[in-house]
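Protein chains: 2
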Amino acid sequence: MNSLKETPDILITGGTLLTMAPPEEIVEDPVIGIRDGKIDFIEKGKIPAGHYGAAREIIDASGCIVMPGLVNVHTHLAMTCFRGLADDLPLMTWLNDHIFPAEARFINRRTVYVGAMLAIAEMILSGTTTFCDGYFFEGEVGRAAIAAGMRGVIAQGFIDFPTPNQPGHSENAAIAERFVERWHDRSPLITPALVCHSPYTCSPDTLRIVKDVARRAGVTFQIHLAETREEVRLIRERYGKKSVQHLHDLDLLDQNTIAAHCIWLDGGELDLLAAGRVKVAHDPESNMKLGAGVAPVPEMLRRGIDVGLGTDGCASNNDLDLFGEMGMAARLQKVFSGDPTALTAKRVVEMATIGGARVLGMADRIGSIAPGKEADIILVDMRKPHLTPLYRPFSHLVYAARGADVVTSIIGGRIVMKERRLLQIELTAVMEEVRRIADRIIEAGFHHNAGRL
Amino acid sequence: MNSLKETPDILITGGTLLTMAPPEEIVEDPVIGIRDGKIDFIEKGKIPAGHYGAAREIIDASGCIVMPGLVNVHTHLAMTCFRGLADDLPLMTWLNDHIFPAEARFINRRTVYVGAMLAIAEMILSGTTTFCDGYFFEGEVGRAAIAAGMRGVIAQGFIDFPTPNQPGHSENAAIAERFVERWHDRSPLITPALVCHSPYTCSPDTLRIVKDVARRAGVTFQIHLAETREEVRLIRERYGKKSVQHLHDLDLLDQNTIAAHCIWLDGGELDLLAAGRVKVAHDPESNMKLGAGVAPVPEMLRRGIDVGLGTDGCASNNDLDLFGEMGMAARLQKVFSGDPTALTAKRVVEMATIGGARVLGMADRIGSIAPGKEADIILVDMRKPHLTPLYRPFSHLVYAARGADVVTSIIGGRIVMKERRLLQIELTAVMEEVRRIADRIIEAGFHHNAGRL
Chain A
208 MNSLKETPDI LITGGTLLTM APPEEIVEDP VIGIRDGKID FIEKGKIPAG
258 HYGAAREIID ASGCIVMPGL VNVHTHLAMT CFRGLADDLP LMTWLNDHIF
308 PAEARFINRR TVYVGAMLAI AEMILSGTTT FCDGYFFEGE VGRAAIAAGM
358 RGVIAQGFID FPTPNQPGHS ENAAIAERFV ERWHDRSPLI TPALVCHSPY
408 TCSPDTLRIV KDVARRAGVT FQIHLAETRE EVRLIRERYG KKSVQHLHDL
458 DLLDQNTIAA HCIWLDGGEL DLLAAGRVKV AHDPESNMKL GAGVAPVPEM
508 LRRGIDVGLG TDGCASNNDL DLFGEMGMAA RLQKVFSGDP TALTAKRVVE
558 MATIGGARVL GMADRIGSIA PGKEADIILV DMRKPHLTPL YRPFSHLVYA
608 ARGADVVTSI IGGRIVMKER RLLQIELTAV MEEVRRIADR IIEAGFHHNA
658 GRL
Chain B
208 MNSLKETPDI LITGGTLLTM APPEEIVEDP VIGIRDGKID FIEKGKIPAG
258 HYGAAREIID ASGCIVMPGL VNVHTHLAMT CFRGLADDLP LMTWLNDHIF
308 PAEARFINRR TVYVGAMLAI AEMILSGTTT FCDGYFFEGE VGRAAIAAGM
358 RGVIAQGFID FPTPNQPGHS ENAAIAERFV ERWHDRSPLI TPALVCHSPY
408 TCSPDTLRIV KDVARRAGVT FQIHLAETRE EVRLIRERYG KKSVQHLHDL
458 DLLDQNTIAA HCIWLDGGEL DLLAAGRVKV AHDPESNMKL GAGVAPVPEM
508 LRRGIDVGLG TDGCASNNDL DLFGEMGMAA RLQKVFSGDP TALTAKRVVE
558 MATIGGARVL GMADRIGSIA PGKEADIILV DMRKPHLTPL YRPFSHLVYA
608 ARGADVVTSI IGGRIVMKER RLLQIELTAV MEEVRRIADR IIEAGFHHNA
658 GRL
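Residue numbers (my numbering), protein chains in the order written: chain A, 208 to 660; chain B, 208 to 660.
Do not take every clue at face value.
Here's a subset of chain B near chain A, in silico, CB distances under 8 angstroms, partners left out [unchecked claim]: (1) 294; (2) 332; (3) 498; (4) 500; (5) 546; (6) 548; (7) 551; (8) 595; (9) 598; (10) 607; (11) 641.
For each label pair, taking beta carbons as the anchor points, the in silico distance ranges come out as [claimed, not checked]: (12) 633(B) <-> 633(A): 33 to 43 angstroms; (13) 458(B) <-> 548(A): 38 to 48 angstroms; (14) 229(B) <-> 633(A): 36 to 46 angstroms; (15) 509(B) <-> 441(A): 29 to 39 angstroms; (16) 510(B) <-> 437(A): 25 to 35 angstroms; (17) 510(B) <-> 630(A): 50 to 60 angstroms; (18) 639(A) <-> 544(B): 34 to 44 angstroms; (19) 437(B) <-> 384(A): 51 to 61 angstroms; (20) 441(A) <-> 265(B): 52 to 62 angstroms; (21) 652(A) <-> 269(B): 20 to 30 angstroms; (22) 392(A) <-> 235(B): 45 to 55 angstroms; (23) 307(A) <-> 545(B): 14 to 24 angstroms; (24) 630(A) <-> 269(B): 20 to 30 angstroms.
Here are some, though not all, of the chain B residues that point toward chain A, as calculated from beta-carbon distances under 7 angstroms [stated by the list, open to error]: (25) 541; (26) 545; (27) 593; (28) 599; (29) 642.
These are calculated hints, taken from the structure and not from any lab test.
Glycine included, every Cβ here is placed at the ideal spot set by N, Cα and C.
Isolated chain A, as found in the complex:
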């Protein structure tokens, strides 16, 4: 105990703290002080009332697990507008006949802003405090995040066909540079980045140009990689090599590249990713729902590759709940390998917190609870029937807890949800506006099912 500390803005007392920072990973009855947006101190045991002076806010975490906010390393937030629009379809039908045409017609600045705001509400309500998004009109995602008090990496998207916010491609370099410059240092919550859709929808030139801008600006470069067998076939047909080799030969692989999915890779390609210190975004629910395949996560972890968890866009998930994603990640590896030890609960919680922070290159700031780090903290209420009894926190977080068990969320020292009430988002109005967007989509005949079945 240290009585010389300055008065914290927020005190969290009680509960069980999962720091996700060794050596002291579990602290019972902690007292956590937050000041100026950062974690100021962590102490143990019962502290007398008034000991720290008059904190603006004291949060009682009795019965809760206190842990770092979750990090969603791969999503397309504005796709909330298409949630459940088309399911149970072959991947290429889904993409070419439903998603791409719907995007071409309905994605604009406003739909991206309001779709992202709905997504941010859902993410906060389910324990996520940092997202990594890639889409069109990505500045709107940044504006929504700032308004909501959410932390995010916003990656402007590039693809070699006309998109709602970019009819041509001759200006890729200039657009990328302008985007990064505009968002650099604009808000402590926002980190700009760049994303090329995939090796099969972006030419070698596009990939090289965008990565070059990212490298010079020191921001992450993202790409969907080896998501489907069809992609692997296409790349071999066009370039005579495997997907990872293709990116390697274009000099795209380094520690600031995040590759999403990474399903159809062989051992040699995993070695190339590991050697390049490339980060991986693993999206099990989307991969399952699209029938894409199972990423070799244990092989990645064995090679020391940093792996984070993502939901992908919620047209292919269909939610943004990282608790569901944790349970799915663990169970999928077990059934796929026939080995129930293939991926443990603790490894999965690491992937959703500090692992995700490493993937985004932000592990010095977020992903664990330690003095000096950003105060991105969630409280998970364990006093629920489905979380009773409690033998091991990691087990419950992965195999039984749901996003709806998160009661309070703090991002950068600001309380964004308290007792499940969102404090910065006008939820009713946001939901109503997205419903009106959906009505227009239905009226335009984009809804693939007759009736409402």
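Based on these hints, arrange chain B on the given structure of chain A.
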């Protein structure tokens, strides 16, 4: 509209009704009348207030999906006491070194009663209105269900080693007969049944004797079947044949047999199950978490086999939320086959409702919403960010909704949950007693992990 109807006990008005009974599967703005525990009528459109006289209770379902309560066809409720006790372990280590010894020491009448009561609370809170349980001291499960107003099939368990409630086995027939007789017609909520643990833990004699009692009494006979490759190997070693052939040769396969898991079966065995009209309980989360394997559900459905959804016990799940199970069932088949059309959302909702009712032999009474059927009804509130917008109810129920979205539940015309408050269960006291059981288990050193990691 029919103004001659008698005054209903409960009226449900508004929302979107999924009847799960063709031809009219979706009814917008329905008015559902419930009288004497049964569904009395379903009408459409805006009905003037007071039209039906003074119903005791009027439930406004605006913004909700109104649907049949879910049917959990395979569980071991009292295992709530062991939820999260041991995870991420090889199956045989988990079973032989943790679960079986913990059961031998801690399972008694009281732990079964209170463990089942906690499970029933969790099931009601997540939309289940009928369960099918198999365990020891099964009468305690029946008593808990009656006290809670829950509908259940209770199957007394048989296995060829000493169990807490049955040290020897010479009395199997008499015990089975007594159990069925005691619970026959005792409560409209409870249906007795019998369960043999598996072909590898029960001798041919045990299997034949118990099935014989079940057949004479007209109750279901249940068994774990082809859950692991190890089981298939053991049965071949002992009896020189495959698991299903073994049961077939013992004359165990008929329409009142429910086989749980059914993973490691070939086409010939599936044909045998179909020919015998055997019912299947599919438990994807448990199968995944234990690394057991993937049941060939599409092949079963193609053969016309009735398949229901179960959670299994929550030591291997680790919850009892059938919404999670629905999402898992659909996604697992898609990723396993590489075909996103392998199992559609609608088929999965059928499995969790009318399909489950068929598995239990209760499709004339439960599983759909139609006049004359038991009033087992749930309301799912769709006015949530993760359920917005709403294009198709079936999609959201399977891919985005969670148990926590269920707001109201009616079983046999009795409201058991209203606005998420349980009306028949003293939840705080139940959770506290299960916590004390867990404390004793930890003190006895049964907790496999050092510390609380």
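Hints versus structure:
For the restraint placing residue 294(B) at the interface with chain A, the shortest Cβ-Cβ distance is roughly 5 angstroms, inside the 8 angstroms limit, so the hint holds. Look at residue 332(B): its Cβ gets to within about 6 angstroms of chain A, closer than 8 angstroms, so that hint holds up. Interface restraint check for residue 498(B): the shortest CB-CB distance to chain A comes to about 4 angstroms, inside 8 angstroms, so the restraint holds. Checking residue 500(B) against chain A: minimum C-beta separation of about 7 angstroms stays under 8 angstroms; hint holds.
Checking residue 546(B) against chain A: minimum C-beta separation of about 5 angstroms stays under 8 angstroms; hint holds. Interface restraint check: residue 548(B) against chain A, minimum CB-CB distance 6 angstroms, threshold 8 angstroms, status holds. Hint on residue 551(B) holds. Least Cβ distance to chain A is approximately 4 angstroms, under the 8 angstroms limit. Proximity of residue 595(B) to chain A holds as hinted, the smallest CB-CB distance being about 5 angstroms (cut-off 8 angstroms).
The closest approach between the C-beta of residue 598(B) and any C-beta of chain A is roughly 5 angstroms, which is under the 8 angstroms cut-off, so the hint is satisfied. At a threshold of 8 angstroms, the smallest CB-CB gap from residue 607(B) to chain A is about 5 angstroms, leaving the interface hint in force. Hint on residue 641(B) holds. Least Cβ distance to chain A is approximately 5 angstroms, under the 8 angstroms limit. With their beta carbons about 38 angstroms apart, residue 633(B) and residue 633(A) fall inside the hinted range of 33 to 43 angstroms.
Range check, residue 458(B) to residue 548(A): Cβ separation about 40 angstroms, and the 38 to 48 angstroms hint holds. For residue 229(B) paired with residue 633(A), a C-beta distance near 41 angstroms keeps the hint of 36 to 46 angstroms intact. The given range of 29 to 39 angstroms is respected by residue 509(B) and residue 441(A), whose C-beta atoms sit roughly 32 angstroms from each other. A C-beta distance of roughly 31 angstroms is found between residue 510(B) and residue 437(A), which places it inside the suggested range of 25 to 35 angstroms.
Here the CB-CB span from residue 510(B) to residue 630(A) is close to 54 angstroms, well matched to the stated 50 to 60 angstroms. In this structure the supplied range 34 to 44 angstroms holds for residue 639(A) paired with residue 544(B), their Cβ-Cβ distance being about 39 angstroms. Between residue 437(B) and residue 384(A) the C-beta distance comes to about 60 angstroms, which sits within the given range of 51 to 61 angstroms. At roughly 59 angstroms, the beta-carbon separation of residue 441(A) and residue 265(B) lies within the given 52 to 62 angstroms, and the hint holds.
For the pair residue 652(A) and residue 269(B), the beta carbons lie near 28 angstroms from each other, so the given range of 20 to 30 angstroms is met. The given range of 45 to 55 angstroms is respected by residue 392(A) and residue 235(B), whose C-beta atoms sit roughly 51 angstroms from each other. The supplied range of 14 to 24 angstroms is met by residue 307(A) and residue 545(B), whose beta-carbon atoms lie about 22 angstroms from each other. At about 26 angstroms, the beta-carbon gap between residue 630(A) and residue 269(B) stays in the expected band of 20 to 30 angstroms.
With a cut of 7 angstroms, the hint placing residue 541(B) at the interface with chain A holds, because the nearest CB-to-CB distance is about 4 angstroms. For residue 545(B), the suggested interface contact is upheld, since its CB lies about 5 angstroms from the closest CB of chain A, less than 7 angstroms. At its closest, the beta carbon of residue 593(B) sits 5 angstroms from a beta carbon of chain A; the interface hint therefore holds under the 7 angstroms criterion. Evaluation of the residue 599(B) hint against chain A yields a held restraint, the C-beta minimum of about 6 angstroms falling below 7 angstroms.
The beta carbon of residue 642(B) comes within 5 angstroms of a beta carbon in chain A, closer than 7 angstroms, and the hint placing it at the interface holds.
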